[in-house]
Amino acid sequence: MESIKCELPLPRFMMSKTDGEIRFGNPAELHGTKVQIPYLITEKNTFKRMDDEDKQETQSPTMSPLASPPSSPPHYQRVPLSHGYSKLRSSTEQMHPAPYEARQPLVQPEGASSGGPGAKPPRHQASLIRSFSVEREPQDNNSNYLDEPWRITEEQREYYVNQFRSLQPDPSSFISGSVAKNFFTKSKLSIPELSYIWELSDADCDGALTLPEFCAAFHLIVARKNGYPLPEGLPPTLQPEYLQAAFPKPKWECALFDSYSESTPANQQPRDLSRMEKLSIKDMADFPVPTQDVTGDDKQALKSTVDEALPKDMSEDPATPKDSNNLKARPRSRSYSSTSIEEAMKRGEDPPTPPPRPQKTHSRASSLDLNKVFQPSVPATKSGLLPPPPALPPRPCPSQSEQASEAELHSQLNRAPSQAAESSPTKKDIPYSQPPSKPIRRKFRPENQATENQEPSPTVGGPAVATVKPHPTVQKQSSRQKKAIQTAIRKNKEANAVLARLNSELQQQLKEVHQERIALENQLEQLRPVTVL
Amino acid sequence: MAVCVAVIAKENYPLYIRSVPTENELKFHYMVHTSLDVVDEKISAMGKALVDQRELYLGLLYPTEDYKVYGYVTNSRVKFVMVVDSSNTALRDNEIRSMFRKLHNSYTDVMCNPFYNPGDRIQSRTFDSMVTSMMIQVC
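Line by line, the protein sequences give chains A and B. Heads up, the first sequence is in full-length UniProt numbering, so the first residue is 1 and it goes up one at a time. Heads up, the second sequence is in full-length UniProt numbering, so the first residue is 1 and it goes up one at a time.
Please keep in mind that the hints were generated in silico from the structure rather than gathered at the bench. The beta-carbon is built from N, C-alpha and C at its ideal position, and this holds for glycine as well. Mixed in with the good hints, there may be bad ones.
Distance ranges between label pairs, derived from CB positions [claimed, not checked]:
(1) B:LEU60 x A:PRO169: 51 to 57 Å
(2) B:THR74 x A:GLU154: 43 to 49 Å
(3) B:SER133 x A:ASN182: 32 to 38 Å
(4) B:GLN123 x A:ASP204: 16 to 22 Å
(5) A:GLU154 x B:ARG77: 47 to 53 Å
(6) B:THR22 x A:SER178: 41 to 47 Å
(7) A:ASN162 x B:GLY59: 52 to 58 Å
(8) B:THR22 x A:PRO236: 32 to 38 Å
(9) B:GLU95 x A:GLU241: 29 to 35 Å
With the rest of the complex left out, here is chain A (with noise of 0.2 Å):
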C-alpha cells in the first residue's frame, strides 16, 4: 500500500499543479490507457447484458460534471470506467443498434464519436475529452484518494457483480479456473499480470474465483488497464470478508451476500464433512454385514444416495477443472468413497452366493461331458436327498416285531440311496421302530420323529419283553399311534407323488438335452472341414 501512496499521488500532484504539464503530460498518458480501455470493455460488454441501464444511470449524472469538479471521491473511479462505456456504446452501436439507439440523445458530448461507428479518430477526440475532464475531477479529491484505487464503487460492484451472473448464475458458487482465464484473458493483460492478480485474488488458493474474488480480481484488472500498477499485496478493501461486509445490502444483493455469507467458508467443510459422515456412515454399514443378501440392498441404496449426493454437489461445484488440486480432500473422499462401495458391494455379496452352491445341478451350457458323468449319479444325488424322507414314512409300529422291522429298515435304508423315489411309496408302508435309524431320520424329518418318538421310547426298553407285555397298554397306544402314522403315510405319498413328478420331469428334460447334443454334434461333424492328414 505504500508504494501505492507514494507512486500515486505523482500523477495527482501533476495535474493539480500545473495545468499545462497535466495537459500535455497525461493527455498522452491517459489516452494511451483509454485506447486500451475500449477493447477491454468492448470484449467484456460481448458477455454484458443487462448493465445498460446501471450504465446509463451513471453516465449521466457523471458526465454532468465533466464540466464541473465532481465532489465525491468515487467519481473519478466511475469515470475511467464511463469512458469506457461511452466508448462502449460507440463501438457496441453496431452490435446492438436498437437498444442505443434511444440512449444516444442523452449522450450529447459523444454526438460526434457516435456518428462513426467504430471509427477511431471520434474516439481519440472522445478520449481526449475525456482526457480533459479527468483532470479536473481529481484536483479536488487528493484527500479521498489514497486509498480509493482499491475501493470498489457501489456502481462498479454492480458491474462486476453482473458479470459474474453471466459467468456464473448462481452467485453463490464459484466461477472455475479455467472460466476465469477466459474471461480475464479478454482483458489483454500479460499472462504474468494476469497470474500475479489471480494469485492476489485467489485468496484460498482453490483455483475458483468465490463472488468477492471475482470483483477483487475484475477490479484489480480494471485498475491495472488504467495505468495503476499492481500491489504487493491485496489492499485491505479487497479482501474477500472485507468485500462480503463492506457493501450495503439491496434486495437481491441482501440474498447473494446471505447466502454467500454461508457458504464457501461454511460449506466447503460441511461438504466435505458431509461426504465423509456418509463415507463413515457407509462404512460403519458396511462392516458388520452378516451374510444376507437384505445388507447388499441396504448397501446399494446407501451407494445410490451416496451417488446421488455426490453429483449433488459437483452440480454445486461447476468448477470442475479445479478439483484437480485444489480440493484435495473431496476428489480423494470420492474416489475413496468408490472403492468402498465397491469393497462393500463385494463383501456384501460374497456371504449371499455360498448357498446357491452345493447343488450339482446342469444348466444346459455346462459340459456335456459332465451330463454324462452325473447323470448315473443325478439320480442317485437326488434321490440321496429325497429318499430321506419317503424312508421316514416307515414308521415304528409296536404292534410289530421289532427285529423284522429292524431288517426291512435296514434293507430299506440300504437300498434307499440306490433306489428311484417311485420304488419308494412301497416301503412306506413297513413298519419301523428301531431307534439306531432314528439319528438319521431326525434330520429330515423331525416333526415325523417328535410325534413318532414318543411311541418307540417305551417300546425301546425291551425289544422282546415289550411284545409280551405292554399288549393292553400298547394296543391303546397304538390305535393313537396307527393314526398318527396314518396320517404321517398320507402326508409322505402326497410329498413322494410331487417329488416323482419332478423327478419325471427333470428326467425328461434330461433326454431332450440329450437329443439336442446329438443333434448339436452332428451338425458340428457336418461343419467342420474335413481334416486331411
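Starting from the structure of chain A, add chain B where the hints point.
Same frame as chain A, but now just chain B:
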C-alpha cells in the same frame, strides 16, 4: 536455513531455482544437477511398489564436505531439492521434512492458478516469499 532451493520438473529441467546470492550460484546449480541422478536412483529403487507406498521425502541424497543435499519428490514426479549448510547442525530431519511440506503446499497453490501452465517457470510472488523465508539469512 537452506542455502539453495530448486524445483525440478518431471523432465528434469528446472522450474525454479534460487540460491543464497553470496555464494557462487553456479556451484549450487551444479550440485542440484548432480543430485538429480541420486533422486532418480531412489525413485527407481522403489520400482514396482505402488505410488501410495512410496515415500515422498527422499532424505539426504548425498553429503559433501560443506553441504548436504536433501530431496523430495511429488506424485507427479516433480522434484524438490534443497541444499543446506553442513555447519548448521541444528537442523533435524523433521525440520527438513516440514520445509519440504511447505514447499509442496506452495507448489500446489501455484498449480491452482489457472494462468500457470505446468512446465513454465514459477514466477509466483507468494512462492518466492515462501522460499525466501526458508532461505538462510544473509548477513
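Each hint tested on the structure:
no.: 1; hint: B:LEU60 x A:PRO169: 51 to 57 Å; verdict: holds, 54 Å
no.: 2; hint: B:THR74 x A:GLU154: 43 to 49 Å; verdict: holds, 45 Å
no.: 3; hint: B:SER133 x A:ASN182: 32 to 38 Å; verdict: holds, 34 Å
no.: 4; hint: B:GLN123 x A:ASP204: 16 to 22 Å; verdict: holds, 21 Å
no.: 5; hint: A:GLU154 x B:ARG77: 47 to 53 Å; verdict: holds, 50 Å
no.: 6; hint: B:THR22 x A:SER178: 41 to 47 Å; verdict: holds, 42 Å
no.: 7; hint: A:ASN162 x B:GLY59: 52 to 58 Å; verdict: holds, 54 Å
no.: 8; hint: B:THR22 x A:PRO236: 32 to 38 Å; verdict: holds, 36 Å
no.: 9; hint: B:GLU95 x A:GLU241: 29 to 35 Å; verdict: holds, 33 Å
This entry satisfies every hint, going by the numbered hints stated previously.
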